[in-house]
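K.L.:
Heads up: the sequence lines are chains C and Z, in that order.
So for the first sequence, the numbering used here puts the first residue at 590; every next one is plus one.
So for the second sequence, the numbering used here puts the first residue at 275; every next one is plus one.
Heads up, a few of these hints could be off.
Claimed, not checked - Dumping the calculated SDA-like pairs for lysine to any residue here, alpha-carbon to alpha-carbon at most 25 Å:
1. Z:Lys328 with C:His618
2. C:Lys690 with Z:Glu289
3. Z:Lys328 with C:Phe692
To be clear, the hints were calculated from the coordinates, so they are not data collected in a lab.
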Amino acid sequence: DAGVIQSPRHEVTEMGQEVTLRCKLISGHNSLFWYRQTMMRGLELLIYFNNNVPIDDSGMPEDRFSAKMPNASFSTLKIQPSEPRDSAVYFCASSLARLGKLFFGSGTQLSVL
Amino acid sequence: KNEVEQSPQNLTAQEGEFITINCSYSVGISALHWLQQHPGGGIVSLFMLSSGKKKHGRLIATINIQEKHSSLHITASHPRDSAVYICAVRYNNDMRFGAGTRLTVKP
Chain C
590 DAGVIQSPRH EVTEMGQEVT LRCKLISGHN SLFWYRQTMM RGLELLIYFN
640 NNVPIDDSGM PEDRFSAKMP NASFSTLKIQ PSEPRDSAVY FCASSLARLG
690 KLFFGSGTQL SVL
Chain Z
275 KNEVEQSPQN LTAQEGEFIT INCSYSVGIS ALHWLQQHPG GGIVSLFMLS
325 SGKKKHGRLI ATINIQEKHS SLHITASHPR DSAVYICAVR YNNDMRFGAG
375 TRLTVKP
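All chains, please: the whole structure from these sequences, using the hints.
P.N.:
Below, the structure written as C-alpha cells:
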C-alpha cells in the first residue's frame, strides 16, 4: 500500500481564493483525521471522521473551513475564502480503528499571500 | 495551561547516550501517541499506548495512567534519531498535542 496520500504537496494562493486539499486514506482504514501545524500553535486536530461520518469538528477554526468524505477512501478540506493566517502545513492521517495507530500523509504546505 | 506538557523542549546528546523524553497530561485519556517528525516534516507514529509499556527496537514507551505521565526512551541513540518527538493524547473525540521535544544526536 502507498500509505496516506495528500495533494498537493505545496499550494500558494492569494487571499480570498478557494483552496482544496485532498487526502486518500489507506485502503481498509475507517478513521480519518485532518490536522494543522503552525509554528505558533503546533499541531491541532481540525476534524475527525469515522466511517465517513464527521464525529468532531470542534477544531475547525471557522465557517470558512469545511471537510467532506465523499467516499470511504477520500477526503477533502476546503478553505473558502482563504486568509493569510490560514498559512500552515495541513496533515491528514488515517487509522484502522477509532483508537488505532495513526498513519500520516506527507502534508500540504499552504501559503496564502 | 496546555493539557499536554513535554520536557525537555530541546535535547542534545552524544551518539550512544540513553535518551528520555517526558510527557505529562491533565485530562483523562483513552490513548496516548508518541510521534516522530523528521527534519523534512514527515510525521511517523511510533507508539500508541493506553497502559503499561511498549518496545520497538531501541525505542521504549511507558505510561502511568494514575500519574498521567508517559516517557519515551531511546537506547544507544544515533544521529538518525535526530527529530522532533511529539506526545499526543486522545480524550473523548478530541486530540491534544504537546509542543514537541527537539532531539539532536551528535556523532
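K.L.:
Has the given pair, Lys328 of chain Z with His618 of chain C, been kept, meaning a C-alpha gap of at most 25 Å?
P.N.:
Holds, at about 23 Å.
K.L.:
Starting from Lys328 of chain Z, check that the Cα of Phe692 of chain C is at most 25 Å away, please.
P.N.:
Holds, at roughly 18 Å.
K.L.:
Quickly compare the C-alpha distance for Lys690 of chain C and Glu289 of chain Z to 25 Å and report which way the hint goes.
P.N.:
It is violated: about 29 Å lies between the C-alpha atoms, which goes past 25 Å.
When each numbered hint is compared with the structure, a violation occurs for hint 2 only.
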